[in-house]
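*Asks:* If you read the sequence shown in the numbering used here, its first letter stands for residue 8, the second for the next number, and so on.
Treat the hints with care, since some could be wrong.
[Claimed, not checked] Label-pair restraints from in silico Cβ distances:
#, residue 1, residue 2, range
1, Pro-161, Pro-243, 28 to 34 angstroms
2, Lys-197, Thr-151, 31 to 37 angstroms
3, Lys-197, Gly-162, 22 to 28 angstroms
4, Asp-42, Ser-107, 24 to 30 angstroms
5, Pro-161, Ser-312, 32 to 38 angstroms
6, Tyr-168, Lys-197, 24 to 30 angstroms
7, Asp-196, Pro-163, 23 to 29 angstroms
8, Asp-317, His-290, 46 to 52 angstroms
9, Leu-316, Arg-34, 55 to 61 angstroms
[Claimed, not checked] Quick list of in silico lysine to any residue cross-link-like pairs, SDA-like style, CA-CA up to 20 angstroms:
#, residue 1, residue 2
10, Lys-289, Cys-210
11, Lys-176, Ser-320
12, Lys-164, Met-259
13, Lys-309, Val-264
14, Lys-152, Ala-59
15, Lys-289, Gly-211
16, Lys-67, Thr-134
17, Lys-67, Asn-137
18, Lys-191, Gln-285
19, Lys-17, Ile-64
20, Lys-17, Val-38
21, Lys-52, Val-41
22, Lys-176, Met-259
23, Lys-191, Val-208
24, Lys-191, Gly-205
25, Lys-235, Arg-307
26, Lys-176, Leu-315
27, Lys-197, Arg-223
28, Lys-17, Ser-73
29, Lys-17, Gly-85
30, Lys-152, Gly-162
31, Lys-36, Ser-107
32, Lys-289, Ser-193
33, Lys-197, Arg-286
34, Lys-17, Ser-58
These are computed hints drawn from the structure, not numbers from a lab.
Glycine included, C-beta positions come from ideal geometry on N, C-alpha and C.
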Amino acid sequence: MCRHLWNVIKDNQSSIWVRWITHNHLRHKSVWTVDVKGGSWGWRKLLRLRSALLPYIDLKIGDGESFSLWHDPWHSLGPLIQRFPCGPSRTNIPAAATLSTVIVDGAWCWPLITDMECIEITHVLPTIHNGSDSILWRGGDFSTKVVYDIFRSPGPKVGWYSLLLGPCKIPKYSFVLWLAIIEKLSTMDKPWLSHLGGVCVLCGRAVETHEHLFFRCSYSRRCIRVLKSIVRFSWPNRAWGEDITWASKRYMGRHIVQAAYRALLAAIVYHIWQERNQRVFKHITRTSSTIARNAIDAIRQKILSIELLDSVSSRGLYRLWRIPWPVRDTA
Numbered sequence: 008m009c010r011h012l013w014n015v016i017k018d019n020q021s022s023i024w025v026r027w028i029t030h031n032h033l034r035h036k037s038v039w040t041v042d043v044k045g046g047s048w049g050w051r052k053l054l055r056l057r058s059a060l061l062p063y064i065d066l067k068i069g070d071g072e073s074f075s076l077w078h079d080p081w082h083s084l085g086p087l088i089q090r091f092p093c094g095p096s097r098t099n100i101p102a103a104a105t106l107s108t109v110i111v112d113g114a115w116c117w118p119l120i121t122d123m124e125c126i127e128i129t130h131v132l133p134t135i136h137n138g139s140d141s142i143l144w145r146g147g148d149f150s151t152k153v154v155y156d157i158f159r160s161p162g163p164k165v166g167w168y169s170l171l172l173g174p175c176k177i178p179k180y181s182f183v184l185w186l187a188i189i190e191k192l193s194t195m196d197k198p199w200l201s202h203l204g205g206v207c208v209l210c211g212r213a214v215e216t217h218e219h220l221f222f223r224c225s226y227s228r229r230c231i232r233v234l235k236s237i238v239r240f241s242w243p244n245r246a247w248g249e250d251i252t253w254a255s256k257r258y259m260g261r262h263i264v265q266a267a268y269r270a271l272l273a274a275i276v277y278h279i280w281q282e283r284n285q286r287v288f289k290h291i292t293r294t295s296s297t298i299a300r301n302a303i304d305a306i307r308q309k310i311l312s313i314e315l316l317d318s319v320s321s322r323g324l325y326r327l328w329r330i331p332w333p334v335r336d337t338a
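Kindly generate the complete structure, drawing on both the sequences and the hints.
*Replies:* Structure below.
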């Protein structure tokens, strides 16, 4: 959304969307003062971001031909029409005037302002530069990453972030693992699901929580045993938070074997959660062995999709995952 707003502010006429917005929504009005009430939900949401982006935008004044005197935020007071609604009539400067109206030979040339309220406009004026007007992003170039850093709440780097990364990762698996790590999956212990009884549908013996599902439940423990027997996947099975801390250290690093284990953790969490949902909503059940093998097969397919060099570590990975090493044509 912020990139779209930035393109409108910059009046990027190379964009068909910006041209459409200019013709249908702005209609010779400034994006800074156009009314939020009109237009679609998306357009209103876009306009509400203006105040958030304004502190990071510089309007560099040149000849003044591109900026609206009353409607653009070239002044430290912001759009003047918002601060001085009667300004155009009291100063005899039309509401549609551009900034070039008060610039002569590269210097400010304001008419005599006798209104005690509007005289504040001329107290502190920005510098006029040579050339045309321009709109700049403070501190460099505009990017989605920069805007994301502005809006997000800063916090310390978590130790488990590496569990979501690596060449073997599958995005939907990593997403569910992330939700599980921060305990945001809609498990039965959540207040809004209390009417469902709260009992784990996989084992039917305990209250369903993140702690129970991963991997205190007898069903999920059997899944881990299958992973251990086939690809030697280790899991300490203590408290969920402690297990995640252990895994983030045990399976860290760039080695392809470690990356595959990280992806397998995400896969088994995903498939256990999928099995839980299928039992709740579709009344379909599968064995723990089937779930574990589905997770292994998914990572096997991912490994096969990666072009690996013929090396000791690559061959070791294939042996560990019981994948035949491909016979390459050397002719």
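*Asks:* If you draw a straight line from the CA of Lys-289 to the CA of Cys-210, is it 20 angstroms or shorter?
*Replies:* Measuring from Cα to Cα gives roughly 17 angstroms; hence the hint holds.
*Asks:* Has the given pair, Lys-191 with Gln-285, been kept, meaning a C-alpha gap of at most 20 angstroms?
*Replies:* holds (19 angstroms)
*Asks:* Is the Cα-Cα distance between Lys-197 and Arg-223 20 angstroms or less?
*Replies:* holds (18 angstroms)
*Asks:* Would you check the hint for Lys-17 and Ile-64, treating anything up to 20 angstroms between C-alpha atoms as holding?
*Replies:* holds (10 angstroms)
*Asks:* Does the Cβ pair Asp-42, Ser-107 satisfy 24 to 30 angstroms?
*Replies:* Given a distance of about 26 angstroms, which is inside 24 to 30 angstroms, the answer is holds.
*Asks:* When you check the alpha-carbon spacing of Lys-235 and Arg-307, does it fall within 20 angstroms?
*Replies:* It holds: about 15 angstroms lies between the C-alpha atoms, which stays within 20 angstroms.
*Asks:* With the threshold set at 20 angstroms, check whether the alpha-carbon distance from Lys-17 to Ser-73 stays at or below it.
*Replies:* Distance of about 11 angstroms is within 20 angstroms: holds.
*Asks:* So if I understand the rule, the pair passes when the alpha-carbon distance is 20 angstroms or less; does Lys-67 with Asn-137 pass?
*Replies:* holds (10 angstroms)
*Asks:* Quick one, are Lys-191 and Val-208 close enough, alpha carbons at most 20 angstroms?
*Replies:* Distance ~18 angstroms between Lys-191 and Val-208 Cα, so the pair holds.
*Asks:* Starting from the hint 32 to 38 angstroms, judge whether the C-beta atoms of Pro-161 and Ser-312 obey it.
*Replies:* holds (36 angstroms)
*Asks:* That 23 to 29 angstroms hint for Asp-196 and Pro-163 (C-beta), does it hold up?
*Replies:* Since the Cβ atoms of Asp-196 and Pro-163 sit about 27 angstroms apart, the hinted range of 23 to 29 angstroms holds.
*Asks:* Under the criterion that the straight-line Cα-Cα distance not exceed 20 angstroms, is the pair Lys-17, Ser-58 satisfied?
*Replies:* holds (16 angstroms)
When each numbered hint is compared with the structure, no violation occurs for any of them.
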